[in-house]
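Asker: What follows is the residue order along each chain.
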Amino acid sequence: AQKVTQAQTEISVVEKEDVTLDCVYETRDTTYYLFWYKQPPSGELVFLIRRNSFDEQNEISGRYSWNFQKSTSSFNFTITASQVVDSAVYFCALSRETSGSRLTFGEGTQLTVNP
Amino acid sequence: EPEVTQTPSHQVTQMGQEVILRCVPISNHLYFYWYRQILGQKVEFLVSFYNNEISEKSEIFDDQFSVERPDGSNFTLKIRSTKLEDSAMYFCASSERGASGNTIYFGEGSWLTVV
Numbered sequence: 001a002q003k004v005t006q007a008q009t010e011i012s013v014v015e016k017e018d019v020t021l022d023c024v025y026e027t028r029d030t031t032y033y034l035f036w037y038k039q040p041p042s043g044e045l046v047f048l049i050r051r052n053s054f055d056e057q058n059e060i061s062g063r064y065s066w067n068f069q070k071s072t073s074s075f076n077f078t079i080t081a082s083q084v085v086d087s088a089v090y091f092c093a094l095s096r097e098t099s100g101s102r103l104t105f106g107e108g109t110q111l112t113v114n115p
Numbered sequence: 116e117p118e119v120t121q122t123p124s125h126q127v128t129q130m131g132q133e134v135i136l137r138c139v140p141i142s143n144h145l146y147f148y149w150y151r152q153i154l155g156q157k158v159e160f161l162v163s164f165y166n167n168e169i170s171e172k173s174e175i176f177d178d179q180f181s182v183e184r185p186d187g188s189n190f191t192l193k194i195r196s197t198k199l200e201d202s203a204m205y206f207c208a209s210s211e212r213g214a215s216g217n218t219i220y221f222g223e224g225s226w227l228t229v230v
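Protein chains in written order, with this note's numbering: chain V, 1 to 115; chain U, 116 to 230.
One thing to keep in mind: the hints can contain errors.
To be verified - One-sided and incomplete, this derived list gives chain U residues near chain V with beta-carbon spacing under 7 Å:
#: 1; residue: Glu133
#: 2; residue: Ile135
#: 3; residue: Asn217
Claimed, not checked - Here are the computed lysine to any residue pairs in the SDA-like style, where the Cα-Cα straight-line distance is at most 25 Å:
#: 4; chain 1: U; residue 1: Lys172; chain 2: V; residue 2: Thr98
#: 5; chain 1: U; residue 1: Lys172; chain 2: V; residue 2: Asp22
#: 6; chain 1: U; residue 1: Lys198; chain 2: V; residue 2: Lys3
#: 7; chain 1: U; residue 1: Lys172; chain 2: V; residue 2: Thr78
#: 8; chain 1: U; residue 1: Lys157; chain 2: V; residue 2: Phe68
#: 9; chain 1: U; residue 1: Lys198; chain 2: V; residue 2: Glu44
#: 10; chain 1: U; residue 1: Lys157; chain 2: V; residue 2: Thr78
#: 11; chain 1: U; residue 1: Lys157; chain 2: V; residue 2: Glu10
#: 12; chain 1: V; residue 1: Lys38; chain 2: U; residue 2: Asp177
#: 13; chain 1: V; residue 1: Lys38; chain 2: U; residue 2: Ser173
#: 14; chain 1: V; residue 1: Lys38; chain 2: U; residue 2: Thr228
#: 15; chain 1: U; residue 1: Lys157; chain 2: V; residue 2: Thr31
#: 16; chain 1: V; residue 1: Lys38; chain 2: U; residue 2: Pro123
#: 17; chain 1: U; residue 1: Lys198; chain 2: V; residue 2: Thr31
#: 18; chain 1: U; residue 1: Lys157; chain 2: V; residue 2: Arg51
#: 19; chain 1: V; residue 1: Lys38; chain 2: U; residue 2: Ile141
#: 20; chain 1: V; residue 1: Lys38; chain 2: U; residue 2: Arg212
#: 21; chain 1: U; residue 1: Lys157; chain 2: V; residue 2: Thr20
#: 22; chain 1: V; residue 1: Lys3; chain 2: U; residue 2: Ser170
#: 23; chain 1: U; residue 1: Lys157; chain 2: V; residue 2: Thr5
#: 24; chain 1: U; residue 1: Lys172; chain 2: V; residue 2: Asn52
#: 25; chain 1: V; residue 1: Lys38; chain 2: U; residue 2: Leu154
#: 26; chain 1: U; residue 1: Lys157; chain 2: V; residue 2: Ile49
#: 27; chain 1: V; residue 1: Lys70; chain 2: U; residue 2: Thr218
#: 28; chain 1: V; residue 1: Lys3; chain 2: V; residue 2: Asp22
#: 29; chain 1: U; residue 1: Lys172; chain 2: V; residue 2: Phe47
#: 30; chain 1: U; residue 1: Lys172; chain 2: V; residue 2: Glu97
#: 31; chain 1: V; residue 1: Lys3; chain 2: U; residue 2: Asp177
#: 32; chain 1: V; residue 1: Lys3; chain 2: U; residue 2: Glu159
#: 33; chain 1: U; residue 1: Lys157; chain 2: V; residue 2: Leu48
#: 34; chain 1: V; residue 1: Lys3; chain 2: U; residue 2: Thr218
#: 35; chain 1: U; residue 1: Lys157; chain 2: V; residue 2: Ser65
#: 36; chain 1: U; residue 1: Lys157; chain 2: V; residue 2: Ala88
Note that these hints are calculated values from the structure, not bench results. Beta carbons: idealized from backbone N, C-alpha and C, even for Gly.
Please take these sequences and the hints and turn them into a complete structure.
Answerer: So, in structure tokens, the structure goes:
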């Protein structure tokens, strides 16, 4: 069975602070995919990133960066110089390698960025 | 940019009534999904659909639920005899086949309130 744990239920920061959202996963598969989705107050789920388990290179996209550590089964997400618009619930998710596989979501982390 | 569209955005229904939620997946996608999110909780997989049949379903997806692709563009979720605990946001999603088939794109959701 697959499992995703996001231990941080809520995080509150002041604008321009850096913030890291933690994600730990469990799977018996040797190959799998990891994801982050953003859910702003309006409710939609916005895809942020997909990472294959055999690619452990960290990734940066603007103010966003992701740290994948297979040895600790973690896929953490850092927002640099946070902004009020970053306020949302962020979900980490895991899927099997096969196309069409279901996503297993974590509980989500509510990030509030205060001005 | 292509997107998954869902209707209605919000529906209120009486307990015991039948509800149909509609979705138009991204046009070149072959995998279709329904997920559910009870208020304040994580996103849960309901069902996946490929090649005109259910490819996987969760324990939540019991006989009360059914899915259908009535034509070349729509994908529907029918909930029979709704219960109070069916109140949730229902997300439709789709993905491609192949190497990118694991990236699942979500619609904006249909908020169902059962009274």
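Asker: I'd like to know which numbered hints this structure contradicts. Please list them from smallest to largest.
Answerer: Going through the list in order, the structure violates hints 1, 2, 5, 6, 7, 12 and 17 and respects the others.
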